[in-house]
Amino acid sequence: MLWAEIGVDCVKPPNIAVNSNLMPDEHQFRPEYRFVPGDLVAQIYRNLADVRVAESALSQNQLKELRQYLICLRCGRPCAGTCTQDNG
Amino acid sequence: MMGYGIDFGTTNSVAAFSDGKTGKTLALTDKSSNLPHPSVVWYRPNVVEVGRNAKYQIREYSEVAGNAFVTSVKRKLGHDHSYDILGEPKTAWEVAADIFGHLQSHANQEYKHQIENAVVTVPVYYDGRARRELRRAANKAGIEIQTFIHEPFAAVVGYCLGSGRDITQFEGKNILVFDWGGGTLDITICRVSNNRIYELATAGLNEIAGDFFDGRIEDYARNKFVDQSGFRDDILVLRPGTPKRLTFECERAKISLSSTVQERIQVARFFRRNDVEYDLDVSLGRVEFEALIAADMEAAVRQVHRALGQAALSPREVSLALLIGGSSRIPLLQQHMFELFGPRTVNVTNADTIIAEGAAQISRHGWLPYLARPIQVRLADESLYTVFELGRVLKSEACRKDATFYCTDNRDGEARLVLAETLRPGDSTSLTVKEILSVLVDAKLPKPYQHERVYAVFEVDEDLIMHVSSWSATQEHVSKCEIHDLCYGLRLE
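Protein chains in written order, with the numbering used here: chain L, 1 to 88; chain A, 1 to 493.
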C-alpha cells in the first residue's frame, strides 16, 4: 500500500536532531565551561579535571563525559569505571 | 486613503480597491462579463493578449504556428521556470508581469484607477522564492507590493468587512475557508485571536476544480453528439473556432446550472462532413452534471475532513464555513457542506472577488503580517534562544537582529547554528528544525574563557524571507542561508 493511499498525515515529518554547539555570549550563559562537553572541559580547564573540583563544578552530564575521557589507572583505557563493575 | 488588493490566481486574477472616504470596496472585474480576468496569456508576434479572449482562443490557436499560450503561470513561480515563447525564452515571472500589466491597464482604462501599491494575496503553501518572483513581476508592471497576505485571511476580512461584521465577534473562534476556484481547491482552517488571524490546518486538491469540470461537460457534450449523430468519435475533428465556442458554452452551462435545473449546450455548425453542417444541441440537467462530478465532490469533502483532523477539530467547533471561488457555487457541494456545518455554512455571493476585496481592505487599513511561530536558535544545552518572538510584525525595518554566540565545542572546526521553529513558545517538543547553518571556526584548543565567538545577523525581508549570515571571529568565510517558509498570520491593528 502506498503512503498516499492511507494519507500522508499518518507519517510524522522528519525532524533531524542535530546538536548545536553554540551558546549566546551573554552574562547568564557564563562561565563558559558550564556548557562545554565534559571531556573537552578537562582539556581546556585543566584544574576542573581534578575529581575534587569536578564533582562540584560540573553537571552530571559533563561528569559522565569527563569519566569517559579519563584514562583508567586500572585498565589503562577510558573505560568510565566499567572495568571495575565487570570484575564485580 | 485608497487601498488596492490583487488576487493573482492560477486560473483567474482580479484587482480591487477600497476607498477609505466612502467605505466602498469594489472589484475591478472584466466589465463585459463581470467576472475576474482569466490568467491566460496569448503571445503572437508583437502582440500580448491577456484575459478572457486569450482563454477562449487556446483550443483554436494553440497548435497554430506563431501563437503561444501560457496558463497557470502561478504554479511555476519560484522554480526558475522558463517558457519557449515563439522561439524566445521567457521566464515565469515575466509572464506573470504581463498579467499584472493587464490588471493595471484594465483598471486604468475601464475604472480610471492607477494601481501603484497593492496587497497581493498568496496561497498558504506559497514559499519565499515564489513571493520574490511575484514581487518582481508586479514591479515590472509598475505595481509596488505593500505586503503579501494569505488568501484565506483576505477572504475572512473581505467577508466580515463586506457584510458589516466586526471580525472581533469571531474572537477565539475557528473559521474554515473553502476556496474552490478554476484551478485548485484550497481549504484552510484559521483562528481569530487577539486581533490576529492565523492558520491551524490546510488541505486541498490540485487540478480538480472549475476548469476540470468544464472539461467533463465538454466530453459529455461530445459523447452525446456522437450518440445522436452516429459519427464515430475518431472522425470528429472540429474546425478552427469550434472548440472555443464549445468551451464557452460548457462553462456558461456549468455556471447556469448553479441556479437552474436544466441547460442546453448549443453550438451551431459544430461539425462539417461532406458539405453538410451539423449543430450540437445537447441538454444537460443538474442531475446529470452532478453525476459527472459526484466523485470530485466526495474528494473535496474528504479534504475538509482531513483539514479538520489536522486541526484536531470537529465540524461543530467551526463557527463559520466560508465557501468562496466559483466552483463553490455548485449546489451539490453546498449541500455537502451544509450537512457538515449546518447554518454556519456561508455561500459568499461575491465568491470570485472576495479575496481581492479583502486584500484591498487590508491595504487601506495598513494591516501587516506577523510571525505566527517564533524563530529560535537551538543551543548547546538544548534550550532555545529566541531570535524573533511570536507576534513580531513582519516589516523589514522591524525584523533585524544581531547576535553573538560562543562555540562550546570547536573540535571539528565547525559551529552549528540550528534554526528552529516551535509550534508553541517554550515548548521544545513541538520543535521543527528549519535550517542548520555550518560556520567555520578554528579547530585549535581554545584558552580558558576564550572560546571562539560566532556572529550572526538575522533579517526578514519584504518578501517574508528570513536571511541568516554568520561568521566566526577567526575565519573570513561568511555562511549564509535563507528560510522561505516562515509561518505568518495577519495582524488586524
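Just so you know, these hints were derived from the structure itself, not from any lab. Among the hints, erroneous ones may be present.
[As the list claims (entries may be wrong)] What follows is a list of derived Cβ distance ranges for each label pair: (1) A:GLU435 / L:GLN28: 19 to 27 Å; (2) L:GLU26 / A:PHE338: 20 to 28 Å; (3) L:PRO24 / A:GLU116: 57 to 65 Å; (4) L:GLU26 / A:LYS480: 20 to 28 Å; (5) A:ALA443 / L:ARG34: 16 to 24 Å; (6) A:GLU116 / L:ARG34: 49 to 57 Å; (7) L:ARG52 / A:ARG129: 15 to 23 Å; (8) L:VAL51 / A:ASP381: 55 to 63 Å.
[What the hints assert, rightly or not] Listed next, the in silico SDA-like pairs over lysine to any residue satisfying Cα-Cα at most 20 Å (straight line): (9) A:LYS112 / A:THR22; (10) A:LYS444 / L:LYS64; (11) L:LYS64 / A:LYS112.
We put the beta carbon where it would ideally sit given N, CA and C, even for glycine.
Now for the hints, and whether the structure bears them out:
1. A:GLU435 / L:GLN28: 19 to 27 Å: holds, 26 Å
2. L:GLU26 / A:PHE338: 20 to 28 Å: violated, 57 Å
3. L:PRO24 / A:GLU116: 57 to 65 Å: violated, 43 Å
4. L:GLU26 / A:LYS480: 20 to 28 Å: Once the Cβ atoms are compared, 24 Å apart, the range 20 to 28 Å for A:LYS480 and L:GLU26 holds.
5. A:ALA443 / L:ARG34: 16 to 24 Å: holds, 22 Å
6. A:GLU116 / L:ARG34: 49 to 57 Å: With Cβ atoms ~56 Å apart, the hint holds.
7. L:ARG52 / A:ARG129: 15 to 23 Å: Distance hint for L:ARG52, A:ARG129 is violated at roughly 58 Å.
8. L:VAL51 / A:ASP381: 55 to 63 Å: violated, 23 Å
9. A:LYS112 / A:THR22: Cα-Cα ~17 Å, so holds.
10. A:LYS444 / L:LYS64: Not OK: A:LYS444 and L:LYS64 at ~24 Å, beyond 20 Å, violated.
11. L:LYS64 / A:LYS112: violated, 75 Å
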